[in-house]
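Based on the provided sequences and hints, a complete structural model is requested.
Those protein sequence lines, which keep their order, are chains A and B.
Mapping of the first sequence onto my numbering: residues 140 to 784, in sequence order.
Mapping of the second sequence onto my numbering: residues 1051 to 1159, in sequence order.
I should point out that these hints are in silico values taken from the structure, not numbers from a laboratory.
In this text, all values refer to a predicted model and were calculated from it rather than measured experimentally.
Treat the hints with caution; some may be incorrect.
[To be verified] DEER-style ranges, computed between Cβ atoms: (1) A:E753 <-> B:N1058: 30 to 40 Å; (2) B:G1099 <-> A:S528: 35 to 45 Å; (3) B:R1069 <-> A:K744: 38 to 48 Å; (4) B:E1077 <-> A:E660: 20 to 30 Å.
[Claimed, not checked] DSS-like cross-link-like pairs, simulated, lysine-lysine; straight-line CA separation at most 27 Å: (5) B:K1116 <-> A:K613; (6) A:K679 <-> A:K613; (7) B:K1117 <-> A:K632; (8) A:K326 <-> A:K205; (9) A:K632 <-> B:K1148; (10) A:K632 <-> B:K1088; (11) A:K632 <-> B:K1116; (12) B:K1057 <-> B:K1092; (13) B:K1088 <-> B:K1057.
Yeah, the Cβ is synthetic: ideal placement off N, Cα and C, and Gly gets one too.
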Amino acid sequence: MSKRHGIAFKLAAFILSCAFVILVVIVGYNYNYSRDIILRQAEESSRNLARDTTGRIDSVLITVQKVADNIAFSLEDATLSKEEILELNKRVLANNPEIYGMAIAFEPYFLEHDQLFFAPYYYRSGGRIAFNMLGGPNYRYFYMDWYQIPKELERPVWTEPYNDEGGGDVLMATYSVPFFRTVDGKKVFAGVVTADVSLDWLEDMLEEIRIYDSGFAFLLSRHGTFIAHPDRNLIINQTIFTLAEELDSPELRSIGQKMLAGESAFVPVDNVFDDTERYLFYTGLKYGGWSLGVIFPKDEMLAEVRKLSKVTTLIGIAGFIVLAMLIIFIARKITNPLHKLSGAALEIASGNLDLKLPEINSRDEVGDLANSFGVMRTSLKDYIENLTSTTAAKERIESELRIARDIQMGILPKLFPAFPERPEFDVFASIEPAKEVGGDLYDFFFVDDDHFCFLIGDVSGKGVPAAFFMAVTKTLLKVVSEKGLDPGDIITKVNSDLAAENESCMFVTLFLAIMNINTGETRYANAGHNPPVYMPCGGKPEWIPPLGEPVAGVMEGMEYTTKTMTMHPGDVMFIYTDGVSEAMNPENELYSDERLMDILTAMDKPFAPELVKEIDDSIKVFTRGAEQSDDITMLAMQFCGKCDK
Amino acid sequence: MDFNNTKNGDALVVIVSGRMDAITASEFDAQCQSWIEKSETKVVIDLSGLEYISSAGLRSILSAAKKMKGAQGELLFCGLSGMVEEVFNVSGFAAMFKIYSTTEAALAG
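Here's what the structure looks like:
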């Protein structure tokens, strides 16, 4: 069985789950949208930053290149003396703060036939310009890259960064420009002009670029060597490819290839350098074949977004809690009166109609319910009071009817055997009254010493009128019979008495017989009563034919005839009312005269009291407890005489 | 209990069907009242559809006949059969009323 939940719970659960979904959607959408904006802005700002930086580096490099190119151009004039060359070199360096150091290196024996080396080198040291004449047994500059490569290529080049031990003894990259002179009409290589750029200076510049807390920029040479990087150990010592190897990152290698190709892109680099997620923007420089990379830490980029989402979520949760409390408050406000009403309903159901109803003043549906409830309580109370008084009245009437019924039954003879001192006959009667007061009657008495009268009657209809009519009829019959008249005359007399003032058209069917108890001669009359059964001793029972004379009590002046028959010792006369033949079973089938006749026929040596009881039992078996609609009255008169029973 | 009234010339033919007992007898009384109000003087009661009649039913018939007589009218009966015919015979009603075998015979009588 599923658990039972109240309205407050259902309402809260429903609204809060909706609110929760809405909250999650809003926070999620907000986070994603803000993140996209931040990322787009980061990409844009990184482009600007990189463009700015590369611009600055490029502007330095172009300056350096131009200076070196100009000197190289000047040196092609052969008239310059040694002193002039030294002066030029020194002056140019002094005028160009971007340049760390400058050398003008000549071919061996080119300027002086006895001088192997001529390479004046001015450089910055401790804020002043220092001078060094390059060349010596330990420093044969002709074999250095900065000298050999431009010589061979016959064009200016940027060297890979290196530590110039012979010169300035700092990390540097050098721009070398070859210069030529015309000797004997031929243009011959005369030497190179170099301009050094200190990598420290580059590094200082890149460090100025602060990108969040842990973001940084780095610079790669033409071959991928780190020229600038916050980790100074990498500079010169590593290329991006050796680093990729070391970090086992094919991703970094592929990025390195694209950077060296001078491409430009904004890419995510997750878990390359360490566990954190980052973005990388790289772009090529115009000069030197260098490439700039800018690393953005994703965490720090999105920190603001996260903070925003966190705040949004907190506000949402706070709102959620407020909403929950509000819903519970409202639901309680609705359900509290309902609880009270429910309790009151149970109380009323248990019969306490005077219960004080809970005070509910809300002007809404609950208030309406409370009002209806009050009205219902009042109506119920009125109804029950009404019902109680009606029931009391009905019970009083019923009890009076019961008493009337008892009185009515009391006037019928009930003591059996009725005449134990008379062996000549045996009489037995029974009446099974229906629930409602009915009008069956029977009686038996001596009219004189030898003549015994017995009768049965059935008043039409039921109820108190029938009972009165029955009592009147029985009294009249007794009085008239004792005058010694014939049965037909008795009924004629009684009929005219009953019919005299009978506006209600009530009537009674009567069978009345008078037997001479010595001879068995029986005279009888029948006023519309159903025919009795004559059961000769040892013979087959038969109906005593009806005389077709009308019921008594309706037509004044009716004459009733008297018939005579003779009963032999052992013979029985069985008279009954239609309550017997019309007794019904639950299927609404009638007991019927045929069934009665069959049972009587089957009887062996009938005996009046047992006969009545046997028929009574068979009726009870037949009806199976179905409600009895009419009185069931039977009378059996047995003539004994000298029957040898 | 159902009543089916049809006017045939001066006479009213009433076909009664169902059971006529203490409970339904009052319906017959009410019908009788309506005949008198409409000043019917000849009412033929066709009892061929009646399954059962109790003593209360007989009382209603007696009462109706008496009222009709008071209003210078008469009740005629036809179509008696089975239990109803037996009750009419036993109770002597057959001797008190005009009984015909068919409606046509009653209308002619």
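Results of checking the hints against the structure:
1. A:E753 <-> B:N1058: 30 to 40 Å: Since E753 of chain A and N1058 of chain B have Cβ atoms about 52 Å apart, the given range 30 to 40 Å is violated.
2. B:G1099 <-> A:S528: 35 to 45 Å: holds, 44 Å
3. B:R1069 <-> A:K744: 38 to 48 Å: Since R1069 of chain B and K744 of chain A have Cβ atoms about 40 Å apart, the given range 38 to 48 Å holds.
4. B:E1077 <-> A:E660: 20 to 30 Å: violated, 48 Å
5. B:K1116 <-> A:K613: holds, 25 Å
6. A:K679 <-> A:K613: Between K679 of chain A and K613 of chain A the Cα gap is close to 32 Å, so the pair fails against 27 Å, i.e. violated.
7. B:K1117 <-> A:K632: Cα-Cα ~25 Å, so holds.
8. A:K326 <-> A:K205: Roughly 22 Å separates the two Cα atoms, so the pair holds.
9. A:K632 <-> B:K1148: holds, 25 Å
10. A:K632 <-> B:K1088: Outside the cut-off at roughly 38 Å; violated.
11. A:K632 <-> B:K1116: holds, 21 Å
12. B:K1057 <-> B:K1092: Roughly 10 Å separates the two Cα atoms, so the pair holds.
13. B:K1088 <-> B:K1057: Since the Cα atoms of K1088 of chain B and K1057 of chain B sit roughly 12 Å apart, the hinted pair holds (cutoff 27 Å).
When each numbered hint is compared with the structure, violations occur for hints 1, 4, 6 and 10.
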